[in-house]
Amino acid sequence: MSEAVANRIPASLRAGTFSHGVHPEENKHYTAGKPIQRLAFPPELNLLLSQHAGKPSVPIVHPGQEVVRGEPIARADGFMSVPLHAPATGTIKRIDLVPTAKGPLKPAIILKVHPGESQEILYGAHRDIDAMSPKEIIQGVQDAGLVGLGGAAFPTHVKLSPPPGHKVDTILINGCECEPYLTTDHRLMLEQPEDLVMGTRILMRAMGAERAIIGTEDNKIDAAEAVRRALPADGSITVKVVPTKYPQGAEKMLAKALVNREIPSGGYPSAVGLGVYNVATTAQIGALLPWQRGVIDRVVTVTGPGIDKPGNYLVPIGTPLRFILERLGYHGSARYLITGGPMMGDTVSSLDVPITKGCGGFLVMRPEDIEEQRLPKTYPCIHCGKCVEACPLHLNPCQLGKLAVKRRYLDMDEFFLFDCFECGCCSYVCPAGIPLVQYFRVSKAMNRELKAAGK
Amino acid sequence: MTAPRPKAELRSSPHLRQPMSVDMIMRHVVYALLPVCAYSVYQFGISTLALLVVCTVVCVGTEHFFCRFMGRASTINDWSAVITGLLLALTLPPAFPLWMAAVASFFGMSVGKVFFGGLGYNVMNPALVGRAFAQAAFTVPMTTWSPSMAPGRFTEFIPSTLTPPFQIPTPIGEWVARVAPDGFTGATPLALMKFEHIQTDTVQLLTGTVVGSAGETSALLIFVCGLYLIARKMMDWRITAGVLGSAAALSGIFYLVNPEIYPSPLFTLFSGGLMLGAVFMATDMVGSPETRKGVWVYGALIGVLTVIIRLWGGLNEGVMYAILLGNAMSPLISKFTQPRRYGHVKAKKKEAPA
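Those protein sequences? They're chains A and B, same order as listed.
According to the working numbering, the residues represented by the first sequence are 8 to 462, in order.
According to the working numbering, the residues represented by the second sequence are 2 to 355, in order.
Honestly, I wouldn't trust all of these hints.
[As the list claims (entries may be wrong)] Below 25 Å or equal to it, Euclidean Cα-Cα: the simulated SDA-like pairs (lysine to any residue) are:
#1 A/K413 <-> B/A133
#2 B/K294 <-> A/K109
#3 A/K174 <-> B/V346
#4 A/K409 <-> B/R293
#5 A/K413 <-> B/G72
#6 A/K113 <-> B/R12
#7 A/K413 <-> B/S13
#8 A/K409 <-> B/E261
#9 A/K384 <-> B/V346
#10 A/K409 <-> B/W297
#11 A/K409 <-> B/R73
#12 A/K409 <-> B/Y122
#13 B/K234 <-> A/E32
#14 A/K384 <-> B/W297
#15 A/K109 <-> B/L11
#16 A/K409 <-> B/V112
Just so you know, the hints here were simulated from the structure itself, not pulled from any lab data.
Based on the provided sequences and hints, a complete structural model is requested.
Structural data, given as structure tokens:
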């Protein structure tokens, strides 16, 4: 953080940080100043039945059926599941397999959008949030189809139901957006602070928490100011600014920085009295719950050096990526596309993948940008310890990497392999160019398999 | 003919990388060593230049030869062999016969590094393995010192430098008498301290106008070069601080007890090879622990061992063996200094049945 910036932040807004982490180039300048814009509706939407962690939703529509924008089209299959809503008025064409970002084909509802339709949301009715019980709110969150919009796509209502005995006293709203390039959370805080505050109040009510802290990084001071102006006068909700550092947006890192609590390894935030929610999720709660509506749109950042018109766009869930990219001036292949941010995002298998609830952005690189980020060869580990100093969870990636190479997957438990959340700091700093995170992904899979086989 | 490009190419995250690589780190270590080399050539003349060239060429050649011998791609372009060559040359006496330097380089590189599997797999610093070999095999030439700033050092070699291979070094007594008519004792500050309790002036130690190995003389220059690497984050300052801090602290205690026979902490820091060792050799990443607590332990161990060997050992210099021991200990140190993970929960003890 430069001194000039540090001086602009009032002391009352400042909060701490976590130890370790890295400082990749932010590259938010492509889109940080671009207001959220709605893109045209595509002719067809591909609505994956499984765009959240947990069980896929179950379709409640049949081919040929007409649906209006906002109407439920698939129901939740049990508690670890959420329903789906029609993002546009149109006709159900069929239920079929479509490509997903990671590769495999998965079932989806294919909706033909009515051309010339005003696409006004006619579904839903207003209700008084303050009259609702926590239980009703949690049910309302599930009915809205809400999942963590930060990327993990974990059903939000599950996070609102802590194990018995856990008392949540503080809600943390995560507006860090520590991934380079992405700016959706930044724009949401700037443009929809009222929804955000409303959502925060709903979350506090559902959890019975006395206070909430909205945390953001010091590269988004304007957003912090915007949110602060929208806060209620009672002081129950505050805004805090933390130093910009990757992966500040991880809930464990945010808990450390804002309230100096450590979420226990393998435990929930509620074990230390916390509930952590992403700003985009919270703003959606604030916008949808009072109207009994479901998630049908989301803001995605389409950015990077390889696209003509980078920006923050509001698109219906299910919009094919190709439709968005062609409108924004990209005609290349999927080879240089990354969904999410550059530190934890995946490369895209095909341009025909649809937008899902958890997808916050697309990064379009040029071939030379990709090549620039690669070493011509992988060197052996020289024990420089840079990964150990970067790991935000204070693990020892160096040791883990060595065990992975020796295929001693079970021994990796001793070094807490499963604590790793694949933030990518170790691979980022490794001067030998060792793909540590990829090693750990493989190791986790092998470790699970070996354990299953051993039983 | 180019290979057909795959239809899909799925790279795994992270897609960004810090712009630092192993060869870049090694290259910058070489840059940082160059001023030290240049100063030693200025002090001791073309004999040292020849020593530097021979050690470097043999080290690089040895690595290249073994890589090819094993049918693998040569790894010399990672610059680590160059560092080994330069460091080994800098720890040898300026009058050291070139053939012996070549043998030491070959031994250090092959036994110290290649036999273990090359860069990253060696347990000990290959330059020090080479030097330890030389110390054992060529004891007399390893303690034959020559005067610095000798007249004509840029035009003639020290006689022993050009000793024919596998011959006893040419005596240099006559040459020494000629270039240093005022009398040259041939004793390093450490030897003077150990055997005669004469403490050399600190300023002389800092500027390097004393007797010693080719590159160990100017503590100040070595320190400044180390600062460059620290500033570029290519060297762990904790190791250097650990070595120097513990050495100064331990020798300071003894100095307070009896300043008559024990050297002052400043003398300990700036004499012999401690500065070169602390800045360029103990910090060799391969031989040091990877944990943050571990490097402190490792550095302190080296500093303490150095002082112990200097004060009570048979040798008057102990840096080399201290670092080699530190290298050998470093996997163990790593094992016991694992970082405390975030949100650590102790394994729950099973509750005793009521």
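ask   = Checking against the hints above, which ones are violated?
value = 1, 2, 8, 9 and 14
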